[in-house]
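**Student:** Counting along the sequence shown from 1, when you hit position 67 you're at 67 in my numbering, and nothing is skipped either side.
What the hints contain is simulated information worked out from the structure, not anything from laboratory work. Ideal Cβ placement from N, Cα and C applies to all residues, glycine included. Please note that a few of the clues may not be correct.
Pairwise CB distance ranges (calculated) [to be verified]:
| # | residue 1 | residue 2 | range |
| --- | --- | --- | --- |
| 1 | 76 | 211 | 21 to 27 Å |
| 2 | 205 | 88 | 52 to 58 Å |
| 3 | 304 | 207 | 49 to 55 Å |
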Amino acid sequence: MLSPKILHTLSFLLILMAICHANVCMEEDMYFGNWLMFSVQIAVITIIYMYRNVLCSKYLTEDYKYVNLYLRWTYILSVIGFVVADNYIEYRQLFVGIVSLLVPVLCWLFCRPTISLNLLSAWYKYAWLPFLFLFYFKLGFTQFYMQPILVLVCLFPLFPKKTAMMILLLGVLLATKDIEEERAPFIKATVAILTGIAISIRNVLPTKIIRIGRVFCFFCSVIVFVFVFGDAYDVFAGKADVEEVVHSNKERDVVEKDTRSLLYIDVVTSAIDNEYLIWGRTPARGFDITYSGVLFWFDKTISYNKNERHKNEMVLSNILTWEGLVGLLLFSLIYIRGSYLAVYRSNNKIIPILGCFIAWRWSWGWVEDANNFLITDVDLWALIAICYSSYFRRMSDGEFIVWANGLLSKKHRQLFQRLKIEERND
Numbered sequence: 001m002l003s004p005k006i007l008h009t010l011s012f013l014l015i016l017m018a019i020c021h022a023n024v025c026m027e028e029d030m031y032f033g034n035w036l037m038f039s040v041q042i043a044v045i046t047i048i049y050m051y052r053n054v055l056c057s058k059y060l061t062e063d064y065k066y067v068n069l070y071l072r073w074t075y076i077l078s079v080i081g082f083v084v085a086d087n088y089i090e091y092r093q094l095f096v097g098i099v100s101l102l103v104p105v106l107c108w109l110f111c112r113p114t115i116s117l118n119l120l121s122a123w124y125k126y127a128w129l130p131f132l133f134l135f136y137f138k139l140g141f142t143q144f145y146m147q148p149i150l151v152l153v154c155l156f157p158l159f160p161k162k163t164a165m166m167i168l169l170l171g172v173l174l175a176t177k178d179i180e181e182e183r184a185p186f187i188k189a190t191v192a193i194l195t196g197i198a199i200s201i202r203n204v205l206p207t208k209i210i211r212i213g214r215v216f217c218f219f220c221s222v223i224v225f226v227f228v229f230g231d232a233y234d235v236f237a238g239k240a241d242v243e244e245v246v247h248s249n250k251e252r253d254v255v256e257k258d259t260r261s262l263l264y265i266d267v268v269t270s271a272i273d274n275e276y277l278i279w280g281r282t283p284a285r286g287f288d289i290t291y292s293g294v295l296f297w298f299d300k301t302i303s304y305n306k307n308e309r310h311k312n313e314m315v316l317s318n319i320l321t322w323e324g325l326v327g328l329l330l331f332s333l334i335y336i337r338g339s340y341l342a343v344y345r346s347n348n349k350i351i352p353i354l355g356c357f358i359a360w361r362w363s364w365g366w367v368e369d370a371n372n373f374l375i376t377d378v379d380l381w382a383l384i385a386i387c388y389s390s391y392f393r394r395m396s397d398g399e400f401i402v403w404a405n406g407l408l409s410k411k412h413r414q415l416f417q418r419l420k421i422e423e424r425n426d
């Protein structure tokens with residue numbers, strides 16, 4: 001079992017990670033904030049690797065096969081990136097990219113119910129104070145700090161009525177904050193609320209409907225490309241010229257602007273033109289800026305190495321740029337395997353619905369969910385870890401409800417300890 005000292009250190013680092021990220025978002029001393037945040041990320045990753053046998057004793061089993069294959073591919077591309085990088089900026093980008101690509105190790109961190117319970121409950125208990133005193137009046141109720149609340153939002157029906165209503169209110173606040181300018185938080189929070197509603201009616205949902213729902217959530221990616229990325233779809237389908245799309249984006253207001261299509265056009269054409277579509281360009285490099293510059297070149301304070309943008313907001317496009325189709329396939333298989341285990345290998349009726357949510361987050365990864373190894377990644381990868389973990393999947397509904405309530409209640413944490421879930425399944 002992980003020692004209390006290491007557990008407390010990890011809890012502190014997760015809260016510090018949130019503080020650093022919020023500080024950078026406020027653009028307060030960004031140089032120091034970025035370096036401190038990078039140091040925290042390295043510390044968390046180092047602890048996870050040092051104690052991975054304790055955190056997730058089954059990380060080498062068949063269930064985690066795709067996580068391990070993806071990480072090995074990341075190691076290979078990281079070494080190649082170190083060789084091909086030829087200036088300071090590319091070495092800096094390499095280390096930033098490596099940290100971002102190692103986000104799946106959070107599957108190990110949140111594998112054991114007792115450890116995930118202690119880490120998440122500590123965040124929910126203590127992270128409010130620095131948020132209220134340091135960031136609320138400048139940032140508001142922002143996803144860049146409060147993202148872990150989405151775990152509670154997905155599980156809101158499992159709590160007592162008053163607590164459930166309060167969590168639901170927080171979910172609505174996340175959804176409606178800056179809704180006129182930021183569509184992504186609204187969509188993510190709304191789907192999390194819908195996931196919670198599905199959990200509330202889980203006893204009347206046939207297994208077949210949940211399995212169909214999982215497939216539908218993965219195929220939402222098709223809807224994303226046809227309807228959300230209409231400009232990119234038109235260009236690749238030969239229905240429109242790129243120059244027409246660029247001109248159209250210049251004339252649209254903020255709400256109507258298609259901020260992703262031009263990025264995808266550049267990501268794909270750069271990969272094809274530079275012949276790294278299969279193997280990737282390594283995390284030291286980015287994609288060539290050809291058409292998407294209209295979206296961000298107005299900011300004269302930002303310079304780009306070799307006219308390349310290192311990363312963007314869409315996790316799957318970053319994987320494609322850095323690790324090619326091979327890395328993209330392995331990364332996608334992490335989601336596919338996790339949702340499969342949740343839907344087909346669970347003893348309870350709660351985790352299969354979370355598996356559908358994970359499937360949807362893969363589709364959403366074409367739009368956002370940037371991989372940064374920040375507090376904004378915790379909600380997604382904690383839920384993916386739950387789907388992978390045999391400890392969670394072997395729980396009954398009642399046992400999982402006790403665990404969920406332990407996120408906010410010391411009494412339920414103590415009750416969960418007495419259930420000895422991990423000792424029973426080791």
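**Student:** None of the hints should be skipped; say for each whether it holds.
**Tutor:** So, going through the hints one by one against the coordinates:
A hinted range of 21 to 27 Å for the beta carbons of residue 76 and residue 211 is inconsistent with their spacing of about 35 Å. Checked against the given bound of 52 to 58 Å, the beta carbons of residue 205 and residue 88, roughly 54 Å apart, stay inside it. Against the hinted window of 49 to 55 Å, the Cβ-Cβ separation of residue 304 and residue 207 comes to about 50 Å, which satisfies the hint.
Violation of the numbered hints given earlier is confined to hint 1; every other hint is satisfied by the structure.
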